[in-house]
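Novice: Chains as they are written, first to last, in UniProt numbering: chain A, 1 to 356; chain B, 1 to 356.
Hints in this document: simulated from the structure, not taken from any laboratory.
Just so you know, even glycine gets a beta-carbon here, dropped at the ideal spot from N, CA and C.
Among the clues, some could well be false.
What the hints assert, rightly or not - Which chain B residues stay away from chain A? Per the calculated CB distances, all over 10 Å, these: (1) 6; (2) 7; (3) 15; (4) 17; (5) 234; (6) 236; (7) 238; (8) 241; (9) 263; (10) 272; (11) 296; (12) 330.
Unchecked claim - Derived, one-sided and incomplete: chain A residues facing chain B with beta-carbon distance under 8 Å: (13) 7; (14) 9; (15) 11; (16) 13; (17) 18; (18) 26; (19) 100; (20) 148; (21) 152; (22) 183; (23) 234; (24) 257.
There are 2 protein chains.
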Amino acid sequence: MSQQSYPVVKPYLKTHTLVPENQETPIEFIQNDTIPSRLFYRRNHFSYPSLSHSNYWLPINGLVSAPLLLSMQDLLQMPAKTVKAVLECAGDKRSFFKPKVFGEQWEKGAINQGFWKGVPLRTLLERAGLREGAKEVVIEGYDYGKTPDSDQVYTYARSLPIEKALHPDTLIAFEYNQQPIPFKHGFPLRLVVPQWYGMASVKWIKQITIINSHFSGPFQSIDYVYYPNKENNEGAFPVTTINVNSTIQQPRDMDILNRGNHIIKGIAWTGEGYITKVEISTDNGQTWTNAKMDNRDSGQYGWVLWSYEWAAGKSGEYVILSRATDSTNRIQPSEPFWNRKGYGYNAMDKIKVKIE
Amino acid sequence: MSQQSYPVVKPYLKTHTLVPENQETPIEFIQNDTIPSRLFYRRNHFSYPSLSHSNYWLPINGLVSAPLLLSMQDLLQMPAKTVKAVLECAGDKRSFFKPKVFGEQWEKGAINQGFWKGVPLRTLLERAGLREGAKEVVIEGYDYGKTPDSDQVYTYARSLPIEKALHPDTLIAFEYNQQPIPFKHGFPLRLVVPQWYGMASVKWIKQITIINSHFSGPFQSIDYVYYPNKENNEGAFPVTTINVNSTIQQPRDMDILNRGNHIIKGIAWTGEGYITKVEISTDNGQTWTNAKMDNRDSGQYGWVLWSYEWAAGKSGEYVILSRATDSTNRIQPSEPFWNRKGYGYNAMDKIKVKIE
Numbered sequence: 001m002s003q004q005s006y007p008v009v010k011p012y013l014k015t016h017t018l019v020p021e022n023q024e025t026p027i028e029f030i031q032n033d034t035i036p037s038r039l040f041y042r043r044n045h046f047s048y049p050s051l052s053h054s055n056y057w058l059p060i061n062g063l064v065s066a067p068l069l070l071s072m073q074d075l076l077q078m079p080a081k082t083v084k085a086v087l088e089c090a091g092d093k094r095s096f097f098k099p100k101v102f103g104e105q106w107e108k109g110a111i112n113q114g115f116w117k118g119v120p121l122r123t124l125l126e127r128a129g130l131r132e133g134a135k136e137v138v139i140e141g142y143d144y145g146k147t148p149d150s151d152q153v154y155t156y157a158r159s160l161p162i163e164k165a166l167h168p169d170t171l172i173a174f175e176y177n178q179q180p181i182p183f184k185h186g187f188p189l190r191l192v193v194p195q196w197y198g199m200a201s202v203k204w205i206k207q208i209t210i211i212n213s214h215f216s217g218p219f220q221s222i223d224y225v226y227y228p229n230k231e232n233n234e235g236a237f238p239v240t241t242i243n244v245n246s247t248i249q250q251p252r253d254m255d256i257l258n259r260g261n262h263i264i265k266g267i268a269w270t271g272e273g274y275i276t277k278v279e280i281s282t283d284n285g286q287t288w289t290n291a292k293m294d295n296r297d298s299g300q301y302g303w304v305l306w307s308y309e310w311a312a313g314k315s316g317e318y319v320i321l322s323r324a325t326d327s328t329n330r331i332q333p334s335e336p337f338w339n340r341k342g343y344g345y346n347a348m349d350k351i352k353v354k355i356e
Numbered sequence: 001m002s003q004q005s006y007p008v009v010k011p012y013l014k015t016h017t018l019v020p021e022n023q024e025t026p027i028e029f030i031q032n033d034t035i036p037s038r039l040f041y042r043r044n045h046f047s048y049p050s051l052s053h054s055n056y057w058l059p060i061n062g063l064v065s066a067p068l069l070l071s072m073q074d075l076l077q078m079p080a081k082t083v084k085a086v087l088e089c090a091g092d093k094r095s096f097f098k099p100k101v102f103g104e105q106w107e108k109g110a111i112n113q114g115f116w117k118g119v120p121l122r123t124l125l126e127r128a129g130l131r132e133g134a135k136e137v138v139i140e141g142y143d144y145g146k147t148p149d150s151d152q153v154y155t156y157a158r159s160l161p162i163e164k165a166l167h168p169d170t171l172i173a174f175e176y177n178q179q180p181i182p183f184k185h186g187f188p189l190r191l192v193v194p195q196w197y198g199m200a201s202v203k204w205i206k207q208i209t210i211i212n213s214h215f216s217g218p219f220q221s222i223d224y225v226y227y228p229n230k231e232n233n234e235g236a237f238p239v240t241t242i243n244v245n246s247t248i249q250q251p252r253d254m255d256i257l258n259r260g261n262h263i264i265k266g267i268a269w270t271g272e273g274y275i276t277k278v279e280i281s282t283d284n285g286q287t288w289t290n291a292k293m294d295n296r297d298s299g300q301y302g303w304v305l306w307s308y309e310w311a312a313g314k315s316g317e318y319v320i321l322s323r324a325t326d327s328t329n330r331i332q333p334s335e336p337f338w339n340r341k342g343y344g345y346n347a348m349d350k351i352k353v354k355i356e
């Protein structure tokens, strides 16, 4: 026995379910600009698929002049681009809705940021040649299974409207943070749709089909739909663009702190435009001050890091709020838009601390 | 690239803080009879201590006839015993108090079960010879630091009343699950006090002192005290014995399930006597049925595993409760005993699920 080496202390994913695997990022402890694969949140509808990588082909068919069947080799030879993007699960922060909604009780960590490299979907669509009437592009994954509300077996599949499919930053990605995409995150090919909630970024792409109608798979027409009412489907509309949002990383809710200066810090992001302002209140919304924002590295689709130095001179209980605004003038509301399946939570973030 | 091997899916500790390290066990996913070191909850007041294991000596002094200074060698040669015990943090389930209380927001996983091997503290006290007037035994750890409510530096130290110190199962432990205790859990020596909340089981033992008065260190007289009132200290009393308690492991709160049969399962434990009954309600407490209980392996200080097969034939929302009773007729209350620092939560466990 000798002097022990200083023990390693590290954060872990937070486990929600194991089959299918759903684990969230300990976002409060992420300091890096991008999230390493080990801490990338895992969100699955089904068990992991089984697919042969040695014989992988990507078909592109449907309403095209020349259907394609591409090998990985083919894809890797096409012009690729890299984007840094926030990927946020539509159910991120679901656990904060009141009244509570059913489904995975995600806290603040169903969100990721990283560099994705791939071939624009647009390049493939142009090569195949869209035919007249092409309306949506259906991307199907290799994962499949039963959903709780039906006994039928479905493949995970989603469509994009043609305009979004043709956006030059909608990628058929093959690298995450300069490595092949980890299997759990979609190896060998994953769709990456910046600015949309994560359900659009289909993993383990099996095929791409161009259609002339509106795709109505269950992950398009049942799930990932905002239902404003508890009892009926009136006023339902699809989940698409990421809402303007912010998260307080430190301190943590219900922390007990010393009197003195404390750094309040966090992230802010949006699916439209860019973040223009993050405001902090330490008196439950009576007064607000701009946080210092560091968006030098945030790029077009990244989050900004913000911080605020708080002089906590007096003992007592404090409610701290963060509120982001984006360049389209969207601002976080004080109350979330409640919807039955719990998507798109973006109320201002709120924690309570006690100064002793 | 070849057919991928099936990906490993495993639960992780849930991170609360990194310095000091506080992480909880994903108790919902524990199926084993004992919890492996990797998933043993970590609860610290301070940074990990730095201690020299190559020159480790345990002093036993104070009100004794012959103070001892024991080497690990000395200890390993004494008669040892093994106990299986539940170790539960006094703050386990703190996050469920309403109104919320400040401090680490532990969910259901600040609890552990495992086999501890060590020398009874009683053996050491007998060897040293207690002198007249011996009232408490103070166990001091190697960990130290400032507490949030003071600028003074304190060592983590706790006392036991003489009777508890002399209990034959109060151990100076050196093994956990047949291995040397992991450093993060107290290597080389840790006190293990079965039936008491975990704050009593001091890690990294530095010294043991017998005193003739009541020890009043901050972890005895400020923390680990039940304060029934928010605004004053009236009616305060110390945290000691583990309350009768139960936890539903599966399903999880706000799960969406198919119609059909579902196994509701969990654990139940107590710090007095043994568990005699676990009842389940699937109608928010209107009717109760006994769960099947498997306590063959629970031993004197272990938890029991229980399960209940629920025929969920009708769609709708269900509130499921679990309620344990022990052999001293303690029974889980429907509401917890609210106390300002949030200790000893033991209200019946409660989840809500939706059958589709």
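Novice: So, for every hint listed, does it hold in this structure?
Specialist: The hints, checked one at a time:
1. Annotated as non-interface, residue 6 (chain B) brings its C-beta within 10 Å of a C-beta of chain A; the closest such distance is 7 Å.
2. The beta carbon of residue 7 (chain B) is not kept farther than 10 Å from every beta carbon of chain A, the shortest such distance being approximately 5 Å.
3. Not every CB of chain A is more than 10 Å from the CB of residue 15 (chain B) (nearest about 4 Å), against its label as outside the interface.
4. With a minimum CB-CB distance of about 7 Å to chain A, residue 17 (chain B) fails to clear the 10 Å threshold, and the non-interface call is violated.
5. Separation of residue 234 (chain B) from chain A is adequate, the least Cβ-Cβ distance of about 20 Å exceeding the 10 Å criterion.
6. For residue 236 (chain B), the non-interface assignment is confirmed: its Cβ lies about 17 Å from the closest Cβ of chain A, beyond the 10 Å cut-off.
7. For residue 238 (chain B), the shortest C-beta to C-beta distance to chain A comes to about 20 Å, beyond the 10 Å cut-off, and the non-interface label holds.
8. Residue-level check passed: residue 241 (chain B) sits 26 Å from the nearest beta carbon of chain A, beyond 10 Å.
9. No Cβ of chain A approaches the Cβ of residue 263 (chain B) within 10 Å, the least distance being about 14 Å, so the stated non-interface status holds.
10. With 10 Å as the threshold on Cβ separation, the claim that residue 272 (chain B) sits away from chain A holds: the shortest Cβ distance comes to roughly 30 Å.
11. At the 10 Å boundary, the C-beta of residue 296 (chain B) stays outside the reach of chain A, the nearest C-beta of that chain being 26 Å off.
12. Separation of residue 330 (chain B) from chain A is adequate, the least Cβ-Cβ distance of about 28 Å exceeding the 10 Å criterion.
13. A least Cβ separation of about 5 Å between residue 7 (chain A) and chain B falls short of the 8 Å threshold, and the interface hint therefore holds.
14. Contact between residue 9 (chain A) and chain B, as hinted, is supported at the beta carbon level, the nearest pair being about 5 Å apart and thus within 8 Å.
15. For residue 11 (chain A), the shortest C-beta to C-beta distance to chain B is roughly 4 Å, which falls under 8 Å, so the interface hint holds.
16. Proximity of residue 13 (chain A) to chain B holds as hinted, the smallest CB-CB distance being about 5 Å (cut-off 8 Å).
17. Checking residue 18 (chain A) against chain B: minimum C-beta separation of about 5 Å stays under 8 Å; hint holds.
18. Hint on residue 26 (chain A) holds. Least Cβ distance to chain B is approximately 5 Å, under the 8 Å limit.
19. At about 6 Å, the closest approach between the beta carbon of residue 100 (chain A) and any beta carbon in chain B falls short of 8 Å, and the interface hint on this residue holds.
20. At about 5 Å, the closest approach between the beta carbon of residue 148 (chain A) and any beta carbon in chain B falls short of 8 Å, and the interface hint on this residue holds.
21. Taking 8 Å as the C-beta contact cut-off toward chain B, the hint placing residue 152 (chain A) at the interface is violated, the least distance being around 12 Å.
22. For residue 183 (chain A), the shortest C-beta to C-beta distance to chain B is roughly 6 Å, which falls under 8 Å, so the interface hint holds.
23. With its C-beta approaching chain B no nearer than about 20 Å, residue 234 (chain A) sits outside the 8 Å limit, and its interface hint is violated.
24. The beta carbon of residue 257 (chain A) comes within 6 Å of a beta carbon in chain B, closer than 8 Å, and the hint placing it at the interface holds.
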